[in-house]
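S.K.: Each chain, letter by letter, is given below.
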Amino acid sequence: DAGVIQSPRHEVTEMGQEVTLRCKPISGHNSLFWYRQTMMRGLELLIYFNNNVPIDDSGMPEDRFSAKMPNASFSTLKIQPSEPRDSAVYFCASSLVSGGPGEQFFGPGTRLTVL
Amino acid sequence: DQQVKQNSPSLSVQEGRISILNCDYTNSMFDYFLWYKKYPAEGPTFLISISSIKDKNEDGRFTVFLNKSAKHLSLHIVPSQPGDSAVYFCAASRRTYKYIFGTGTRLKVLA
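Sequence lines, in order, name chains R and P. All residue numbers for the first sequence refer to this note's numbering, where the first residue is 1 and numbers rise by one. All residue numbers for the second sequence refer to this note's numbering, where the first residue is 116 and numbers rise by one.
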């Protein structure tokens, strides 16, 4: 059974360009999370969707970041315009649990480098 | 301001010995704690969890200890195996989806 799928796995772009990261959660999971990992701050939650609806976007750093979940099997995280400080690994995770604690299944991540 | 701290960025242990990974937290409202393991080029995978009503939880070679008065938890791996070499993240939550992760400890088990 496929796990969480993310694409691309690596992205190198120049400052000012638009970047779109993609995620396909595990089938049947109704919660989806976007995280960012940096050396200094570890894993930070950016946004949480439940049943395709954004519930908590308090972790989205700036208006340059936006996320959508048009259906249960697809989500995007967009950065426009990108800046060098956005360089990080971005993880998508999904879960069967709505709202409460439970195992979150992570994708392999997208390593973003903004030059 | 880090609410969950893993003060040791790395740890090396001989195969067969005990590995002890530590984690401190500052928010006394946290009542659910987890450990995740991460191999290079992969996403974190869930390892073990503990609720604040317990002070110990075991799963095979892995045991998590919680000291609420000290706001400290630790992960013990006994015996350590080379395949345990990975980055370990602790996380805390207030019984919600919102996990606060530490920055991770890189464990290297030497054969």
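Keep in mind that the hints were calculated from the coordinates and are not lab data. Hints may contain errors.
[As the list claims (entries may be wrong)] No more than 30 Å apart at the CA atoms, straight line, and that leaves these computed lysine-lysine pairs for DSSO-like:
1. K171(P) <-> K223(P)
2. K78(R) <-> K186(P)
3. K223(P) <-> K68(R)
4. K78(R) <-> K24(R)
5. K169(P) <-> K186(P)
6. K24(R) <-> K213(P)
7. K169(P) <-> K183(P)
8. K171(P) <-> K213(P)
9. K169(P) <-> K223(P)
[Claimed, not checked] FRET-style restraints, in silico, Cβ to Cβ:
10. E83(R) <-> D170(P): 21 to 29 Å
11. T113(R) <-> E130(P): 33 to 41 Å
12. E83(R) <-> E130(P): 19 to 27 Å
13. E83(R) <-> I168(P): 29 to 37 Å
14. K171(P) <-> E44(R): 37 to 45 Å
15. G59(R) <-> N172(P): 24 to 32 Å
16. G59(R) <-> S125(P): 21 to 29 Å
Glycine included, every Cβ here is placed at the ideal spot set by N, Cα and C.
S.K.: Each hint should be assessed against the structure and marked as holding or not.
M.R.: Hints, verified against the model:
no.: 1; hint: K171(P) <-> K223(P); verdict: holds, 24 Å
no.: 2; hint: K78(R) <-> K186(P); verdict: violated, 37 Å
no.: 3; hint: K223(P) <-> K68(R); verdict: violated, 38 Å
no.: 4; hint: K78(R) <-> K24(R); verdict: holds, 15 Å
no.: 5; hint: K169(P) <-> K186(P); verdict: holds, 13 Å
no.: 6; hint: K24(R) <-> K213(P); verdict: holds, 20 Å
no.: 7; hint: K169(P) <-> K183(P); verdict: holds, 10 Å
no.: 8; hint: K171(P) <-> K213(P); verdict: holds, 22 Å
no.: 9; hint: K169(P) <-> K223(P); verdict: holds, 29 Å
no.: 10; hint: E83(R) <-> D170(P): 21 to 29 Å; verdict: violated, 45 Å
no.: 11; hint: T113(R) <-> E130(P): 33 to 41 Å; verdict: holds, 36 Å
no.: 12; hint: E83(R) <-> E130(P): 19 to 27 Å; verdict: violated, 44 Å
no.: 13; hint: E83(R) <-> I168(P): 29 to 37 Å; verdict: violated, 44 Å
no.: 14; hint: K171(P) <-> E44(R): 37 to 45 Å; verdict: violated, 29 Å
no.: 15; hint: G59(R) <-> N172(P): 24 to 32 Å; verdict: holds, 28 Å
no.: 16; hint: G59(R) <-> S125(P): 21 to 29 Å; verdict: holds, 27 Å
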